[in-house]
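Peer 1: Next come the chains, spelled out residue by residue.
Number of protein chains: 4
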Amino acid sequence: MTGTASEIADTPLTVAGTPLGSRLVMGTGGAASLLALEDALVASGTELTTVAMRRVSRPAPGGTGGDTGVWGLLARLGIRALPNTAGCFSAREAVLTARLAREACATDWVKLEVIADDVTLLPDPVGLLEAARELVDDGFTVLPYTNDDPILARRLEDVGCAAVMPLGSPIGSGLGIANPRNIEAIAAAAAVPVILDAGIGTASDAALAMELGCDGVLLATAVTRAADPVRMARAMRRAVEAGYDAARAGRPPRREHALASSSPDGRVR
Amino acid sequence: MTGTASEIADTPLTVAGTPLGSRLVMGTGGAASLLALEDALVASGTELTTVAMRRVSRPAPGGTGGDTGVWGLLARLGIRALPNTAGCFSAREAVLTARLAREACATDWVKLEVIADDVTLLPDPVGLLEAARELVDDGFTVLPYTNDDPILARRLEDVGCAAVMPLGSPIGSGLGIANPRNIEAIAAAAAVPVILDAGIGTASDAALAMELGCDGVLLATAVTRAADPVRMARAMRRAVEAGYDAARAGRPPRREHALASSSPDGRVR
Amino acid sequence: MTGTASEIADTPLTVAGTPLGSRLVMGTGGAASLLALEDALVASGTELTTVAMRRVSRPAPGGTGGDTGVWGLLARLGIRALPNTAGCFSAREAVLTARLAREACATDWVKLEVIADDVTLLPDPVGLLEAARELVDDGFTVLPYTNDDPILARRLEDVGCAAVMPLGSPIGSGLGIANPRNIEAIAAAAAVPVILDAGIGTASDAALAMELGCDGVLLATAVTRAADPVRMARAMRRAVEAGYDAARAGRPPRREHALASSSPDGRVR
Amino acid sequence: MTGTASEIADTPLTVAGTPLGSRLVMGTGGAASLLALEDALVASGTELTTVAMRRVSRPAPGGTGGDTGVWGLLARLGIRALPNTAGCFSAREAVLTARLAREACATDWVKLEVIADDVTLLPDPVGLLEAARELVDDGFTVLPYTNDDPILARRLEDVGCAAVMPLGSPIGSGLGIANPRNIEAIAAAAAVPVILDAGIGTASDAALAMELGCDGVLLATAVTRAADPVRMARAMRRAVEAGYDAARAGRPPRREHALASSSPDGRVR
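In order, the protein sequences belong to chains A, B, C and D. Each residue of the first sequence is one higher than the one before, counting from 1 in my numbering. Each residue of the second sequence is one higher than the one before, counting from 1 in my numbering. Each residue of the third sequence is one higher than the one before, counting from 1 in my numbering. Each residue of the fourth sequence is one higher than the one before, counting from 1 in my numbering.
To be clear, the hints were calculated from the coordinates, so they are not data collected in a lab. Please note that the accuracy of each hint is not assured.
What the hints assert, rightly or not - Okay, the calculated beta carbon distance ranges per label pair:
{"no.": "1", "chain 1": "B", "residue 1": "Arg-80", "chain 2": "A", "residue 2": "Asp-118", "range": "28 to 36 Å"}
{"no.": "2", "chain 1": "D", "residue 1": "Ala-191", "chain 2": "A", "residue 2": "Pro-253", "range": "45 to 53 Å"}
{"no.": "3", "chain 1": "A", "residue 1": "Phe-89", "chain 2": "B", "residue 2": "Pro-19", "range": "30 to 38 Å"}
{"no.": "4", "chain 1": "A", "residue 1": "Arg-80", "chain 2": "B", "residue 2": "Arg-80", "range": "44 to 52 Å"}
{"no.": "5", "chain 1": "C", "residue 1": "Leu-96", "chain 2": "A", "residue 2": "Ala-32", "range": "56 to 64 Å"}
{"no.": "6", "chain 1": "C", "residue 1": "Phe-89", "chain 2": "B", "residue 2": "Pro-180", "range": "22 to 30 Å"}
{"no.": "7", "chain 1": "A", "residue 1": "Pro-253", "chain 2": "B", "residue 2": "Glu-256", "range": "30 to 38 Å"}
{"no.": "8", "chain 1": "C", "residue 1": "Ala-227", "chain 2": "A", "residue 2": "Glu-103", "range": "57 to 65 Å"}
{"no.": "9", "chain 1": "D", "residue 1": "Gly-250", "chain 2": "B", "residue 2": "Ala-32", "range": "52 to 60 Å"}
{"no.": "10", "chain 1": "C", "residue 1": "Ser-33", "chain 2": "B", "residue 2": "Asp-138", "range": "55 to 63 Å"}
{"no.": "11", "chain 1": "B", "residue 1": "Arg-99", "chain 2": "C", "residue 2": "Leu-96", "range": "38 to 46 Å"}
{"no.": "12", "chain 1": "D", "residue 1": "Leu-77", "chain 2": "C", "residue 2": "Asp-158", "range": "48 to 56 Å"}
Keep in mind the model is a prediction, meaning the values are calculated, not measured. Glycine included, C-beta positions come from ideal geometry on N, C-alpha and C.
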């Protein structure tokens with residue numbers, strides 16, 4: 001008996017021991033409305049979604065997430081909220097924000113961002129590593145947003161981060177994966193999940209990220225700022241699945257020269 | 001009420017007035033066995049599959065396709081067979097092969113290949129145009145395999161081809177889409193379906209083809225020669241769907257510089 | 001005794017038996033003034049420069065080139081004029097223009113352009129081949145401007161063209177070499193000189209063309225429309241020389257992984 | 001009167017107040033012999049050349065550089081020697097090596113390398129910044145070899161480095177400039193010279209580095225391991241000059257669509 005599509009074993013993305021039903025991590029920034037965000041999140045199939053602590057109204061103290069705003073939406077949809085420290089420009093600020101998030105949101109998971117400046121929005125490598133170390137020591141499950149340097153990714157893993165999230169290209173640029181070899185090297189070396197974060201502009205970018213060995217893809221504005229966010233969310237969901245499968249299906253090697261699809265006699269028997 | 005994924009209108013790929021339920025066109029070359037081919041075809045969801053007239057056993061005369069071999073398989077799966085003229089090195093040879101195919105297979109559809117030589121396997125532009133003209137005049141529905149020259153594509157459409165099928169890169173190379181601008185220009189200008197043919201190596205290539213405006217993707221060895229053809233077939237099916245959606249979802253424009261996903265005050269309401 | 005730079009043998013570019021002292025072929029279009037053009041031509045070191053028959057004032061009958069305008073300038077500078085058929089949209093028109101050029105300019109060399117339309121400015125492959133055949137039969141030395149299709153390049157050589165001049169990217173786009181593999185394949189297969197024509201935007205593009213195996217580079221607006229045409233001309237001259245040398249110096253192979261520049265013990269003795 | 005090539009003002013590369021007659025910085029690793037190295041250095045025109053402190057025999061104490069080996073060669077050729085800390089895997093080791101170099105070589109210039117591991121040969125961003133700070137405080141003129149992260153480059157400049165030397169791609173890979181946008185961003189932001197270091201494989205890579213805004217290019221094995229090092233050295237010298245000029249000549253903007261080199265009436269006057 002032969003295998004069929006439905007029999008292919010799909011291993012879930014597991015972060016810090018928690019399996020997730022989707023390898024697509026969403027962000028909430030850029031959505032035109034909560035309603036539009038809801039539709040896009042549903043279409044994306046995501047089970048993990050970042051929320052900026054400094055940018056949205058926080059849930060009411062008590063940690064249930066409240067019943068209004070983004071927090072309420074995620075709670076209602078059964079999507080795990082991943083607070084992030086977007087807008088923090090120093091390790092100190094990011095650590096403080098993470099601690100506030102833990103209290104307010106009843107989660108010790110944090111997407112750690114330490115941004116160098118508000119023009120490039122690039123991570124500050126030194127501040128990031130410092131904040132990651134401190135938060136890990138403080139019991140957080142840290143998912144750092146990092147540049148695409150394989151060495152920094154290694155250091156972040158070494159200090160105990162639960163995942164590494166290298167950028168494809170700058171936040172909001174939609175330029176895709178600027179340096180595929182770096183992403184491939186990070187994914188090949190990491191023992192923790194690698195989630196491509198920032199720069200995804202369209203479906204093929206997301207598929208490529210997975211083909212390079214990433215374990216997941218995080219994106220926001222490619223969906224939330226698309227003309228049809230639901231359709232783009234669906235595209236991204238399928239692209240991530242497609243790339244995941246393609247990476248495991250054993251593609252034939254690239255060849256510099258043509259090769260007929262069958263040998264000259266070539267009879268399929 | 002808001003839109004949901006299931007409400008997105010998907011227009012089928014329509015070739016010569018015939019709607020097809022999938023935008024993924026498969027080839028049969030390179031499959032390890034008929035059984036493996038069957039599994040891959042099913043997983044791909046294809047409804048149109050090419051068969052090399054010069055390479056496989058033809059169906060028995062009478063045009064029903066017989067009940068053995070590739071023809072029988074396609075008939076049993078309800079997949080339309082698209083005879084091709086692979087291995088023809090002149091217009092004359094290709095026209096003759098197309099005519100034999102029409103008699104033997106009871107179809108006037110033909111994937112027209114006029115190959116320049118058996119090293120590059122590149123199309124011969126002059127012979128291709130000549131054969132296309134002759135076959136169209138003879139009542140065929142002609143889908144020509146062509147290089148990525150926008151002008152040749154236009155000429156092929158002008159002589160009455162039902163589709164144009166430009167290469168991404170050489171047959172069997174898996175190098176993807178060498179010149180995306182050319183493919184985009186062909187797709188933007190054509191009034192007939194444009195199906196990317198040759199060079200697809202992995203899922204992101206297929207998604208990109210659709211994002212560039214192609215109406216479909218044709219591939220064979222990326223699936224048939226993969227270590228796990230079923231898994232790669234599934235990947236390709238989803239990638240084509242993802243690219244199709246992404247092309248219609250209105251991606252945000254690429255930006256040379258970063259942009260925060262929410263405005264500084266940035267509150268999602 | 002060891003070799004030094006001055007001892008490196010430079011083989012001249014030879015077209016139809018005529019050696020040229022420079023591998024940079026210039027065009028005259030786009031220059032702000034004759035004076036600016038003169039300075040740029042001198043700085044470029046070119047010995048062959050195209051002139052559009054349909055666009056500039058022709059030399060006075062008698063074939064000496066006259067003493068005014070572009071023709072007079074080239075004659076004065078000792079630069080061979082290469083009439084081109086820019087602006088011709090059919091084989092018939094191009095052949096006619098070439099014949100007028102031969103009479104007027106006392107040269108049987110022609111840069112053959114058969115342009116498909118005035119939007120893409122891409123070559124019409126069929127009309128080009130037809131015109132090339134006719135002009136070769138008529139005794140012309142034909143240098144055709146073609147797309148980057150290796151098969152069409154071969155056909156042009158087969159009908160007797162003295163060179164083939166594939167585009168890097170569309171005329172005036174400055175997009176560089178869109179499909180390096182095609183250019184490399186054309187150069188590797190051709191027995192006549194291959195001159196990269198169209199698309200060069202900056203010096204590295206010109207160097208790359210030579211590294212891919214081209215025998216020369218033709219460009220116009222990258223120089224004539226630069227803010228400082230003389231400086232860009234000098235850049236292009238050096239870039240062509242650099243690429244020519246690099247192609248012959250035997251570069252070390254690309255490596256996917258790092259390699260220390262000396263072995264661990266590594267002592268240079 | 002019009003400008004000519006010889007009148008173009010070339011500003012020299014100036015590092016820490018010292019003008020250099022060439023923008024090509026050479027490395028000595030990989031040379032087959034001292035004689036071959038000498039010929040290549042001469043052909044390159046370089047006035048600054050790195051020497052690995054841990055890999056070659058050091059000059060005799062006293063700082064004159066001795067009269068044998070690489071040091072003697074550089075002294076004889078009048079090329080400034082730039083000791084580097086290649087092979088150092090920690091800030092501590094690099095600082096120690098730099099101090100030994102200063103004593104032995106009578107120079108306080110150092111190319112600072114803090115390598116993360118001997119497989120990737122990538123810089124360790126944290127150790128690099130730490131060592132740079134310490135060496136600057138200690139009076140060194142520090143030229144750090146860094147990754148292509150614009151933020152780390154800024155930090156290195158902030159602590160007082162005299163230049164920043166980002167990689168194009170891994171050492172010895174010859175893969176060129178993996179992420180041109182990063183290099184361009186580094187060059188645009190830096191107030192100190194930016195010298196592209198590592199990854200240059202051929203002349204067009206060197207020209208591109210300069211076009212992206214770099215002030216110089218450092219390379220070794222592309223020349224020393226070429227089949228003809230002298231010829232490749234000459235190619236690199238010209239490529240750097242070409243790229244430098246091209247960056248200052250004001251290239252016409254790239255255009256997605258074709259543009260005739262002259263207007264329809266198009267007469268050059």
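Peer 1: Has the hinted range 22 to 30 Å been met by the Cβ atoms of Phe-89/C and Pro-180/B?
Peer 2: Given a distance of about 27 Å, which is inside 22 to 30 Å, the answer is holds.
Peer 1: Starting from the hint 45 to 53 Å, judge whether the C-beta atoms of Ala-191/D and Pro-253/A obey it.
Peer 2: holds (46 Å)
Peer 1: Taking 30 to 38 Å as the hint, is the beta-carbon distance of Pro-253/A and Glu-256/B inside that range?
Peer 2: holds (34 Å)
Peer 1: Is it true that the C-beta distance of Leu-96/C to Ala-32/A lies inside 56 to 64 Å, as the hint says?
Peer 2: holds (60 Å)
Peer 1: Do the beta carbons of Ser-33/C and Asp-138/B sit within 55 to 63 Å of each other?
Peer 2: Given about 58 Å between the Cβ atoms, the range holds.
Peer 1: Tell me if the beta carbons of Arg-80/A and Arg-80/B are separated by a distance inside 44 to 52 Å.
Peer 2: holds (45 Å)
Peer 1: Falls inside 57 to 65 Å, the C-beta gap from Ala-227/C to Glu-103/A?
Peer 2: holds (58 Å)
Peer 1: Honestly, do Gly-250/D and Ala-32/B meet the 52 to 60 Å range at C-beta?
Peer 2: Check passed, 58 Å falls within 52 to 60 Å.
Peer 1: Are Leu-77/D and Asp-158/C spaced within 48 to 56 Å by their CB atoms?
Peer 2: holds (52 Å)
Peer 1: Range hint 38 to 46 Å: satisfied by the CB atoms of Arg-99/B and Leu-96/C?
Peer 2: holds (39 Å)
Peer 1: Measuring from beta carbon to beta carbon, are Phe-89/A and Pro-19/B in 30 to 38 Å?
Peer 2: violated (55 Å)
Peer 1: Quick check: does the Cβ-Cβ distance between Arg-80/B and Asp-118/A fall within 28 to 36 Å?
Peer 2: Roughly 56 Å apart at Cβ, these two residues miss the hinted range, so it is violated.
Against the hints set out earlier in the document, violations occur for numbers 1 and 3.
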